[in-house]
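**Student:** Each protein sequence line maps, in turn, to chains A and B. The first sequence maps to residues 1 to 250 in the numbering used here. The second sequence maps to residues 1 to 207 in the numbering used here.
It cannot be assumed that every hint is accurate.
Dumping the calculated EDC-like pairs for lysine to aspartate or glutamate here, alpha-carbon to alpha-carbon at most 16 Å [what the hints assert, rightly or not]:
| # | chain 1 | residue 1 | chain 2 | residue 2 |
| --- | --- | --- | --- | --- |
| 1 | A | Lys186 | A | Asp220 |
| 2 | B | Lys128 | A | Glu94 |
| 3 | B | Lys97 | B | Asp78 |
| 4 | B | Lys128 | A | Glu29 |
| 5 | A | Lys186 | A | Asp227 |
| 6 | B | Lys97 | B | Glu150 |
| 7 | A | Lys192 | A | Asp227 |
| 8 | B | Lys128 | A | Asp227 |
| 9 | B | Lys128 | A | Asp31 |
| 10 | A | Lys186 | A | Asp164 |
| 11 | A | Lys192 | B | Glu23 |
Hints in this document: simulated from the structure, not taken from any laboratory.
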Amino acid sequence: MLGPMQSDPHKRGVHDLGGAGGWGRIPYEPDEPPFHADWERRVFGLLGAVTSATARRPGEFRYALERLHPDDYFDNGYFGRWLAGFEVLLAEYEVFDPVDYSARLEARTGPIPSEVRRMSPERRVAPVADRVPSMLPPDRPVPVPQRRTVRRDLAEPPRFRAGDRVVAPTPTQPGHTRLPGYVMDKPGTVAKLHPAEVLPDSTAHNRGERPQHVYCVGYDARTLWGDDAEPNATVYVDLYECYLTAAESD
Amino acid sequence: MHDEHGHGHHEHHDASSPEVRVEALEDLLVERGLADPERIDATIRRFEHDIGPMIGARLVAEAWADAGLRQRLLTDADAVVADMDIRGAEIEHIEVKANEPGVHNVVVCTLCSCYPWALLGLPPNWYKSPEYRARVVREPRAVLAEMGLELDPSTEVRIWDSSSETRFLVLPERPAGTEGWPAERLAELVTRDSMIGVAHAADPGGH
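Chain A extracted, bound-state conformation (with noise of 0.2 Å):
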């Protein structure tokens, strides 16, 4: 069993997998299907039920999952995970009791041992971590399209252009974001943009949409993992336009 859950922003969450080591052989199985059991198919159907009633801003479904304590993360697989998000979500939302929830599992099982608990919410998850406003770049009013979309049009030029190398420095406060561990503080270089989006950084904490230009920037596979990477490969990273800044040349 692992110990409480962090809050330091150094720390790299649950779900930041990237490059991480220790991970072993592929689970490859060629023509897999969607499903694997039924309960699988149920969690998935019931995404779009739980959300509207929870999670509807962009990036806050994905925090959900990753302040998930490791086990509710990692042991039941993909739609595992989303069910343990779900569970906190409903409660942290107040759409159902824990305790309502707790007995509707045990009629159908028996006692649940405290240990298994499923709705302890200290062992389960990490609270929303408060983010600062004045941390977050400032808001923007910019036209919000007609149909439901992240992507957002703004009057504002691009800070980088494909070329430029830019660095996404280390984050100062936890909470959720899009910059991946593995690339922080290294340089890269810009590919080119995408459309600009909302910050999931700032609508998964109910900060406003804070809209950026978004970047691909591509990282040398030396750059990112020294003398252990394979040769001749690149890593190419979607990143918000807030999470860059100018790298020096080299």
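Starting from the known structure of chain A, arrange chain B on it as the hints suggest.
**Tutor:** Below, chain B alone, put in the same frame as chain A:
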């Protein structure tokens, strides 16, 4: 995980098992009017039968058969997807990356499991596994070799980590020996794995 003293049809599951939990959770949501079992069934059916790699395969096959379309797909996939009336989840913005001699592309999402659902259906478990997410950015050649794809050392590997709402699709190389094939026949060679970038398109001799 076996509950020896249980009764009825749940006797093999304890209260922490996902089988029991999702049933209780669905019951609660349905009672509150927040979920509709028929809509849940319809969503599941759609992703088991109607939405899958055959949609992306059609796109790839059309691009193999039509150089103009291929060019448009590589420069403005959103327009091509809209023209072909492909709609659905997880394709807010699509980029298509072409494999060619000397360049191989492979897609991952290290932070979660982002994947172009409306083009490929739901991702396979291996794509969502911590093993794939952790390793393919660090040792792509080793991972691909493990999955049966040996790359020449001179081939450049490009790994696309889906960290924004852009989704990536790999355009595999058209297999030799398929000259003059119509798109419908070409589409049979376009596997899901080849559009993620962990395999080549199927060998036409195998069909």
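**Student:** None of the hints should be skipped; say for each whether it holds.
**Tutor:** Status of each hint after checking the structure:
1. A:Lys186 <-> A:Asp220: Holds, at about 10 Å.
2. B:Lys128 <-> A:Glu94: 30 Å, violated
3. B:Lys97 <-> B:Asp78: 13 Å, holds
4. B:Lys128 <-> A:Glu29: 12 Å, holds
5. A:Lys186 <-> A:Asp227: Cα-Cα ~15 Å, so holds.
6. B:Lys97 <-> B:Glu150: Violated, because 19 Å separates the two Cα atoms, which is more than 16 Å.
7. A:Lys192 <-> A:Asp227: Not OK: Lys192 of chain A and Asp227 of chain A at ~27 Å, beyond 16 Å, violated.
8. B:Lys128 <-> A:Asp227: At roughly 28 Å apart (the allowed maximum being 16 Å), Asp227 of chain A and Lys128 of chain B break the hint.
9. B:Lys128 <-> A:Asp31: Since the Cα atoms of Lys128 of chain B and Asp31 of chain A sit roughly 15 Å apart, the hinted pair holds (cutoff 16 Å).
10. A:Lys186 <-> A:Asp164: 14 Å, holds
11. A:Lys192 <-> B:Glu23: 46 Å, violated
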